[in-house]
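J.: Please take these sequences and the hints and turn them into a complete structure.
Number of protein chains: 2
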Amino acid sequence: MDKEYEILDSFIRFRGLRHTPQREMILRVFLSVEGHLSVEELHALAKKHDRSIGYTTVYRTMKLLSESGLADKVEFGDGIPRYEHKYNHRHHDHFVCVKCGKCFEVAHAGIEKLQETLARERDFTPLWHTMQVFGLCKDCRGIEIKLQ
Amino acid sequence: MDKEYEILDSFIRFRGLRHTPQREMILRVFLSVEGHLSVEELHALAKKHDRSIGYTTVYRTMKLLSESGLADKVEFGDGIPRYEHKYNHRHHDHFVCVKCGKCFEVAHAGIEKLQETLARERDFTPLWHTMQVFGLCKDCRGIEIKLQ
DNA sequence: ATCATTATTGAAAAACGTTTTCAATATAAC
DNA sequence: GTTATATTGAAAACGTTTTTCAATAATGAT
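Chains as they are written, first to last, in our numbering: chain C, 1 to 148; chain L, 149 to 296.
Simulated from the structure, these hints should not be mistaken for lab results. Be aware that a few hints might be false.
[Said to hold, decoys possible] To give an idea of the chain L side of the interface with chain C (calculated C-beta under 7 Å), a few residues:
1. Met279
2. Val281
3. Phe282
This structure is a prediction, so every number in the text was calculated from the model and none was measured. Even for Gly, the Cβ is constructed at its ideal location relative to N, Cα and C.
T.: Here is the structure:
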């Protein structure tokens, strides 16, 4: 629970930056919600704790959290980057429903293995990957069928 | 060779749109270059054929080519969307070198199979996917080692 | 061929998310 | 406390994409 704060503190000290109540609050807000949040959504949540918090500070802090390994920026093709938790969360890919926008996280060792195999064949050293599968979730496929 | 023009013409007629020299020229320019081109690059190439061609028209036409299935918009995480050929090109994923930016296209049936398996397990109907593997190509990994 | 309708064009402006600038403020080290 | 400087929030700037709009051009009917 407190490990994330230690990670941010270490990162801040390592970089010669400073600890501020704004940074701590934004981390608290970010950690309090599981899911994929845009900067706009994070800013709205942060404003509930500090009405004067600036948009810019949320941007800057989310970049900081990404660099420190606490957050991951993900993009689902709608032009709005979102942040998800990274610490203590194993890598996963995203299945995005194109009707309702719901996003399912899928972790599977096979994907990593396949990535390694394909990369080795091409003399490429893979560092990380992102994969998004777009389609219809159970509920939305149902609607699709009903409408036909 | 001419099939692409037929596809665009059918799409234009089907939608009640109009055939214009600008659209034909932009398609010709797009087809003349294999690779991943940004709108800016496409506009620069188009200007060589028609100095008065507008930026806006290239944007609008590339959207049209995407909708007609001739072009595919791909994003490699640098914030600049690029277009690649889609017609008569089998689906592939992208291995992007984070040092030099080079992009390798990798087609492998295993990825599609894996996608199907994972989707079926979750009662999700996959329609398409995108996968980008980021890492170091042969040349850039060499540099990395030399620098150590 | 001419006309009428309306889609298309290119320039400029607006929109959009993000980054930079800057003066005021807050933090951390001494 | 004093100092050096990192951080903040507002506004401006930024880069890309979309919208607006008047002029133009393509299509179908006459």
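J.: Under 7 Å, Cβ to Cβ, is where Met279/L needs to be relative to chain C, so tell me if that hint holds or is violated.
T.: Hint on Met279/L: holds, closest Cβ of chain C at ~4 Å, below 7 Å.
J.: Regarding the hint that Val281/L lies at the interface with chain C, is the smallest CB-CB distance below 7 Å?
T.: holds, 4 Å
J.: With a cut-off of 7 Å on the beta carbons, see whether Phe282/L makes it to chain C.
T.: Hint holds; Phe282/L Cβ to chain C Cβ min 5 Å, cut 7 Å.
Of the hints listed earlier, there is not a single one the structure fails to meet.
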